[in-house]
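Residue numbers (our numbering), protein chains in the order written: chain A, 1 to 211; chain B, 1 to 211.
Do not rely on the hints blindly, as some may be mistaken.
You can't tell identical chains apart in this list, so a pair holds if it fits in one copy or across any two.
In silico lysine to any residue, SDA-like type, Cα no more than 20 Å apart, as pairs [as the list claims (entries may be wrong)]:
(1) Lys63 x Arg37
(2) Lys132 x Gln182
(3) Lys132 x Arg37
(4) Lys83 x Asn100
(5) Lys132 x Ser109
(6) Lys141 x Gln182
(7) Lys63 x Leu52
(8) Lys132 x Phe110
(9) Lys107 x Asn123
(10) Lys46 x Ser124
(11) Lys132 x Ser106
(12) Lys46 x Asn123
(13) Lys83 x Ser136
(14) Lys107 x Lys132
(15) Lys141 x Asp188
(16) Lys46 x His57
(17) Lys107 x Ser124
No lab work stands behind these hints: they were computed from the structure.
There are 2 protein chains.
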Amino acid sequence: MTLVITSGFTFMSKASSVGRQRVIETAAMMLATRGLRGISIREVAKAAQAPLGSTYHHFPEGKSQIVIEAIEWAGERAASELKACLSTNNENGVRVFLENWRNRLSKYSFQQGCPIVAAAIENSDDDEQNIKRAVSDAFNKWQDILCDYLLEQGHNEHYAHSLSLTIISSIEGAVVLCRGYQNLQPFDAIIATIPTLIARKNSSDLRENNE
Amino acid sequence: MTLVITSGFTFMSKASSVGRQRVIETAAMMLATRGLRGISIREVAKAAQAPLGSTYHHFPEGKSQIVIEAIEWAGERAASELKACLSTNNENGVRVFLENWRNRLSKYSFQQGCPIVAAAIENSDDDEQNIKRAVSDAFNKWQDILCDYLLEQGHNEHYAHSLSLTIISSIEGAVVLCRGYQNLQPFDAIIATIPTLIARKNSSDLRENNE
DNA sequence: CACTTGTTATAACGAGTGTCATAGTGTAGC
DNA sequence: GCTACACTATGACACTCGTTATAACAAGTG
Numbered sequence: 001m002t003l004v005i006t007s008g009f010t011f012m013s014k015a016s017s018v019g020r021q022r023v024i025e026t027a028a029m030m031l032a033t034r035g036l037r038g039i040s041i042r043e044v045a046k047a048a049q050a051p052l053g054s055t056y057h058h059f060p061e062g063k064s065q066i067v068i069e070a071i072e073w074a075g076e077r078a079a080s081e082l083k084a085c086l087s088t089n090n091e092n093g094v095r096v097f098l099e100n101w102r103n104r105l106s107k108y109s110f111q112q113g114c115p116i117v118a119a120a121i122e123n124s125d126d127d128e129q130n131i132k133r134a135v136s137d138a139f140n141k142w143q144d145i146l147c148d149y150l151l152e153q154g155h156n157e158h159y160a161h162s163l164s165l166t167i168i169s170s171i172e173g174a175v176v177l178c179r180g181y182q183n184l185q186p187f188d189a190i191i192a193t194i195p196t197l198i199a200r201k202n203s204s205d206l207r208e209n210n211e
Numbered sequence: 001m002t003l004v005i006t007s008g009f010t011f012m013s014k015a016s017s018v019g020r021q022r023v024i025e026t027a028a029m030m031l032a033t034r035g036l037r038g039i040s041i042r043e044v045a046k047a048a049q050a051p052l053g054s055t056y057h058h059f060p061e062g063k064s065q066i067v068i069e070a071i072e073w074a075g076e077r078a079a080s081e082l083k084a085c086l087s088t089n090n091e092n093g094v095r096v097f098l099e100n101w102r103n104r105l106s107k108y109s110f111q112q113g114c115p116i117v118a119a120a121i122e123n124s125d126d127d128e129q130n131i132k133r134a135v136s137d138a139f140n141k142w143q144d145i146l147c148d149y150l151l152e153q154g155h156n157e158h159y160a161h162s163l164s165l166t167i168i169s170s171i172e173g174a175v176v177l178c179r180g181y182q183n184l185q186p187f188d189a190i191i192a193t194i195p196t197l198i199a200r201k202n203s204s205d206l207r208e209n210n211e
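All chains should be built: construct the whole structure from the sequences, respecting the hints.
Next comes the structure, spelled out in structure tokens:
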């Protein structure tokens, strides 16, 4: 339940901005745990030790604003971690990133997944096209980073595009499966298979099967 | 919104059992659309044209029973479809299954995903270890079917195990990404990459990287 | 007819939800 | 001092939620 805050985000002049930021990070954590409709502003505020009365001061658009900012923050956080892994580990970058995710999953006993996934799969009849936009923005950012990396590794553009989407899909799917299975087998599986797709530099056997 | 009922499920003697079954299938559909906490018994009953007063007659354990039976039904349904694809298409079986999923996604305009995923990622503090069990049962069934198929295709046991989990992870992840992106690119990506993992019969380059 | 049995109708309970209005607090600048 | 303003406290509104209790209904059986 305890959340370690590492961001030095400063925005306004006062100490309350760290309270605002803590609400965002707590919302992201609870989103990853319980889903979009599983969290309430009251609970987020309580967990963030922020006064409920002030959430509508910091987030005048209400819950959807909190959720969107949580998605953006989590997306940015994962993007910078991915970038760091890829730039410092060269051809093993993806594997290191996978293993980081693996460790985080077991650290939290499969209670936490990906907040962006949680926001992606819960439709509501009326509201919030903006949530979907924040979700696709996050996915897009990860894909761009991965795509650039794969191009640097010598893959052609088309394969880099497909492979980057495949990697992200596998990760997100494996996180879901691990939470269902309550063990790490799905993640260990993609750690065993995905790197072989990256290692293969010539993608000749791929082209003939495209439509 | 219209739900086509294809199952010939008979259980009790009366026509009301089709009402009961319709509640299950409607719950599965709404679960796939709005998530575990996004559905209410009242709404499911209304959508299934079943009287609210009788849901607690057919499902005395309440919402959790409805959800569990919906998961079981959806898991069984997907399992039999997967089995059919694999047995009638031999080495293209997975590809056919992927394309079926792809078509279903666009048919429902990315509104519907996988009900089992929805149930897998929403933790609640107190209740329902049984939901998690139903989820992992469904995943396990799919994995067994895929694993047997891959063994028949000539893969060794360890690779078949890893690859089957990778395939399921990729599909579930791609479904999530497609809903986020609101387009089919993620699914087209895994259709381009996954079959190459299946086509490769010798997994020699895989073994050296395992821990 | 009475009687059972499977099903439905209706109303209510307590709890939780997002949101808002209003009043109160503190602190910085004059 | 005092005003301005960012923030917080409190309580309320209208709503939905899962669940239960209780009564009614329909149909078959004796």
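In rising order, the numbers of the hints this structure does not comply with: none
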